[in-house]
Amino acid sequence: MSTISTVAVYCGSSAGTQPVYCEKAAETGRLIAGLGMGIIYGGAKVGVMGAVADGALQAGGRVTGILPHFLEQREVAHHGLTELIMVETMHERKLMMYEKADAILALPGGFGTMEELFEMLTWAQLGLHQKPIGLLNTGGFYDPLLALAQTMLENGFIREAHRHIFVHDTEPAALLEKIKSFRPPQLGKLMTRERI
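In terms of the working numbering, the sequence shown opens at residue 126 and continues consecutively.
Fair warning: there could be bad hints in the mix.
As the list claims (entries may be wrong) - Have a look at the derived ranges for each label pair, beta carbon to beta carbon:
hint: 1; residue 1: Met277; residue 2: Leu253; range: 18 to 24 angstroms
hint: 2; residue 1: His216; residue 2: Gly264; range: 30 to 36 angstroms
hint: 3; residue 1: His216; residue 2: Lys305; range: 16 to 22 angstroms
hint: 4; residue 1: Met277; residue 2: Phe195; range: 18 to 24 angstroms
As the list claims (entries may be wrong) - Below, in silico cross-link-like pairs of lysine-lysine (DSS-like), each with a Cα-Cα straight-line distance of 27 angstroms or less:
hint: 5; residue 1: Lys303; residue 2: Lys225
hint: 6; residue 1: Lys170; residue 2: Lys219
hint: 7; residue 1: Lys225; residue 2: Lys170
hint: 8; residue 1: Lys219; residue 2: Lys303
hint: 9; residue 1: Lys305; residue 2: Lys219
hint: 10; residue 1: Lys305; residue 2: Lys225
Quick caveat, the hints were computed from the structure, so don't treat them as lab data.
Don't be surprised by glycine CBs; every beta carbon is placed ideally from N, CA and C.
Can you make the complete structure from the sequences, with help from the hints?
The following block contains the structure:
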């Protein structure tokens, strides 16, 4: 894996019900900045998104936000970033985040976070990229998703290799170490009707 200089962070514009979500997000931002990596994220100053951005900025890190114009008021654009890029559509936002990032990190969030994460997982499964993907499993947030992946495996909808296209941990420092040392699995041929 080449050197990671930027990390795309997917997470919620809500703070969630537990203070630990924003606490761990801020810690993640500080750690990413401390490693000399920049953050690419959705551009909001509220919720888990704002916490990860502020954590990185307070540690002297570089943070680039990418925000569609129609969300500028709803997600409350963060104007204290290193760079804030305004785009027209969600598709532009996602593509630009992907293109600017060397690694992907998902923190707790809602449907939008899951949609972004699953697109990256799908692209990795199809061999379209080999970027590290990490899940920060704060407070067991991603336990149901990890269980679902096991169910998918047991029922023949993914292969064992697909379980290794992402890494996960409950602690930001440990997760970032896994991302830094990530080696993509050998996925072999794409899915067929006979074999997945």
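Here is how each hint holds up against the structure:
Between Met277 and Leu253, the C-beta spacing of about 19 angstroms keeps the proposed range 18 to 24 angstroms intact. For His216 and Gly264, the Cβ-Cβ distance of about 31 angstroms falls inside the hinted range of 30 to 36 angstroms, so the restraint holds. Restraint check, His216 to Lys305: a C-beta distance of roughly 30 angstroms breaks the suggested window 16 to 22 angstroms. Between Met277 and Phe195 the Cβ separation comes to about 34 angstroms, which falls outside the hinted range of 18 to 24 angstroms.
The hinted pair formed by Lys303 and Lys225 meets the criterion: a straight-line CA distance of about 20 angstroms does not exceed 27 angstroms. A distance of roughly 18 angstroms separates the Cα atoms of Lys170 and Lys219; the hinted pair therefore holds under the 27 angstroms criterion. Taking the CA atoms of Lys225 and Lys170, the gap is near 20 angstroms; set against the 27 angstroms cutoff, the hint holds. Between Lys219 and Lys303 the alpha-carbon distance is near 24 angstroms, which keeps this suggested pair within the 27 angstroms criterion.
At most 27 angstroms may separate the alpha-carbon atoms for a hinted pair to count; Lys305 and Lys219 meet this at roughly 22 angstroms. Under the criterion of a C-alpha separation no larger than 27 angstroms, the hint pairing Lys305 with Lys225 is consistent with the structure, at around 17 angstroms.
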